[in-house]
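Just so you know, the protein sequences line up as chains P and W, in that order.
Read in order, the letters of the first sequence are residues 1 to 255 in our numbering.
Read in order, the letters of the second sequence are residues 1 to 243 in our numbering.
FYI, nobody ran anything at the bench for these hints, they're computed from the structure.
Hints may be right or wrong, so weigh each one.
Said to hold, decoys possible - Think about it this way: if two alpha-carbon atoms lie no more than 25 Å apart in a straight line, the pair counts; the simulated DSS-like pairs of lysine-lysine are:
id, chain 1, residue 1, chain 2, residue 2
1, W, Lys14, P, Lys29
2, W, Lys223, W, Lys190
3, W, Lys190, W, Lys153
4, P, Lys157, P, Lys235
5, P, Lys47, P, Lys12
6, W, Lys190, P, Lys157
What the hints assert, rightly or not - Chain P is nowhere near these chain W residues, computed Cβ spacing over 12 Å in every case:
id, residue
7, Lys14
8, Ala150
9, Pro184
Nothing here was measured: the structure is a model prediction, and the numbers come from that model.
Note that beta-carbon positions come from the ideal geometry of N, C-alpha and C, so glycine has one too.
Each chain, letter by letter, is given below.
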Amino acid sequence: MKKRINFTGRRKLAAEHIEIRVQKPEGQKYPTFTASIAPAAMDGLDKNARVYIEPYVVSSSMRFDFGTVSQPQIPAETLLSELDREESFLFRVKVVDESGHVGRILADASGIRPKDADDDGINRKSLFPVQWLDLGERIWRVDLNPHTGPVLQATTKVPELPTKLKNDPLLQGVIYPQAFREVLWFLVREEEIDDDLPWVQNWRDFILKLTGVNLDEETPEDDEEREQFVEDAVKAFSGQHNFASRAKQFEEVVA
Amino acid sequence: MSDLLRTLNPDGVKEFRQYLHDLRGGAVTAPPFHLLTDPAYSNDFSADVPIQTQPFADNYAFGSYLATTLSGLNRNQIAYDSALWSWLALYFFDHVCPLENGKRSVLEDAVYILAETFNHRRYYRHLVRTPWEAVSRNGDCAKVLLQTRAGGKRSDIFEQLAARQTIFGNRTIIAGAYQLYYDPTAQLPKRGAGGKGAGSPRRLVSFVQQIDLTYDLQACTPKQFLDLLPKEFAKFITVTSAA
Numbered sequence: 001m002k003k004r005i006n007f008t009g010r011r012k013l014a015a016e017h018i019e020i021r022v023q024k025p026e027g028q029k030y031p032t033f034t035a036s037i038a039p040a041a042m043d044g045l046d047k048n049a050r051v052y053i054e055p056y057v058v059s060s061s062m063r064f065d066f067g068t069v070s071q072p073q074i075p076a077e078t079l080l081s082e083l084d085r086e087e088s089f090l091f092r093v094k095v096v097d098e099s100g101h102v103g104r105i106l107a108d109a110s111g112i113r114p115k116d117a118d119d120d121g122i123n124r125k126s127l128f129p130v131q132w133l134d135l136g137e138r139i140w141r142v143d144l145n146p147h148t149g150p151v152l153q154a155t156t157k158v159p160e161l162p163t164k165l166k167n168d169p170l171l172q173g174v175i176y177p178q179a180f181r182e183v184l185w186f187l188v189r190e191e192e193i194d195d196d197l198p199w200v201q202n203w204r205d206f207i208l209k210l211t212g213v214n215l216d217e218e219t220p221e222d223d224e225e226r227e228q229f230v231e232d233a234v235k236a237f238s239g240q241h242n243f244a245s246r247a248k249q250f251e252e253v254v255a
Numbered sequence: 001m002s003d004l005l006r007t008l009n010p011d012g013v014k015e016f017r018q019y020l021h022d023l024r025g026g027a028v029t030a031p032p033f034h035l036l037t038d039p040a041y042s043n044d045f046s047a048d049v050p051i052q053t054q055p056f057a058d059n060y061a062f063g064s065y066l067a068t069t070l071s072g073l074n075r076n077q078i079a080y081d082s083a084l085w086s087w088l089a090l091y092f093f094d095h096v097c098p099l100e101n102g103k104r105s106v107l108e109d110a111v112y113i114l115a116e117t118f119n120h121r122r123y124y125r126h127l128v129r130t131p132w133e134a135v136s137r138n139g140d141c142a143k144v145l146l147q148t149r150a151g152g153k154r155s156d157i158f159e160q161l162a163a164r165q166t167i168f169g170n171r172t173i174i175a176g177a178y179q180l181y182y183d184p185t186a187q188l189p190k191r192g193a194g195g196k197g198a199g200s201p202r203r204l205v206s207f208v209q210q211i212d213l214t215y216d217l218q219a220c221t222p223k224q225f226l227d228l229l230p231k232e233f234a235k236f237i238t239v240t241s242a243a
């Protein structure tokens with residue numbers, strides 16, 4: 001199993017106790033957010049510990065002070081102005097000891113997806129978000145961040161690419177299985193992944209349904225086993241999406 | 001003689017961009033300073049802020065001047081004002097793209113023309129906004145980011161620490177880096193502070209990324225942060241005492 005990085009004994013805040021909503025008021029350049037944390041989430045924590053909420057995306061983040069465990073406060077301004085893009089924000093809630101062992105995180109929750117204004121209350125889980133970027137001469141790459149999860153990055157230089165990637169099974173079949181392969185290797189080989197992060201659990205759930213392999217209980221032990229696991233999973237993924245058959249049909253229709 | 005702060009409008013930005021393009025193509029024309037005041041290319045700023053060109057010893061001195069000059073303005077109003085930062089880059093063009101041996105070594109557009117939408121990877125490269133932000137946030141400690149031993153514009157310390165927003169925006173880490181890598185007596189970064197080995201800024205970044213899961217470094221003092229560092233950083237800590 002993967003190594004758990006929790007040598008300070010920090011507690012996990014239950015995601016269901018935290019509700020974050022992002023709004024973009026008309027005419028405003030940047031969105032704002034609201035957050036509410038159910039008191040039950042804070043049970044047993046030091047009353048003087050400070051609560052911070054940190055929206056983040058890829059390598060950018062901001063920080064907002066929400067008071068203490070016993071005296072929550074809403075910041076005067078929650079403008080999300082210093083994040084690299086407006087889509088796919090995630091949030092981290094931290095409860096921090098600032099009186100005893102200063103700086104130690106007593107409890108946290110990462111990878112929290114905000115609810116949109118039109119959200120009916122069900123968090124949408126984007127397993128593998130796509131980010132459009134200037135990638136120089138590269139068409140795509142996978143950004144593998146152990147804290148935020150994998151992101152498929154694609155070039156903004158080809159204006160038709162978003163539509164093609166959505167509709168063309170040939171292009172999908174060329175990109176997605178290879179990108180999926182990179183994520184699988186990351187999951188079975190990266191030792192600094194925190195098992196409790198939502199993105200890790202979401203990926204493991206997906207892999208369990210796809211392959212029947214429960215990575216929470218069994219992890220390929222050596223490179224040979226990993227290679228076999230990854231190969232089987234990519235084959236199952238490609239089979240699930242019928243890339244080759246759909247590409248053939250698509251070409252026939254286009255022709 | 002001082003001027004009043006203004007902003008470049010889209011036509012001004014377009015002309016400035018064209019000038020950068022021409023420079024890269026080998027043109028030796030003077031910077032289009034007329035854009036700075038021509039109402040067809042620039043607008044009045046929302047407040048009367050006097051500003052003056054002058055020689056700056058280094059980027060810390062430049063950042064200090066900007067931090068002082070812009071200190072009366074609302075940070076959130078100016079921090080993302082691309083028209084303002086692009087105007088300032090043209091205004092201080094002789095500092096950010098100096099004429100050396102009759103030529104200017106022009107860099108990518110992003111270091112002069114600030115993108116309209118925030119993206120830290122692009123924003124941190126801006127040659128006016130970043131010195132301002134570094135000094136505004138970190139005061140004297142910004143010296144570790146903005147001064148170089150070799151006299152170039154950017155050091156490896158800067159690239160390692162400023163490229164990552166979570167580090168650049170964290171005063172504790174920058175203050176810790178100042179104590180690790182800056183020699184206040186020599187008023188320069190310490191020798192060996194730009195390498196890749198044990199105790200280097202690269203290693204500091206790795207350590208910060210690891211400890212981020214268990215410690216909130218913004219809540220720590222620089223001393224508390226330095227106390228968390230592994231032994232490999234001791235060679236830098238012992239040279240100057242941590243405050």
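List, from low to high, the hint numbers that the structure doesn't satisfy.
Hints 4 and 6 not satisfied by this model.
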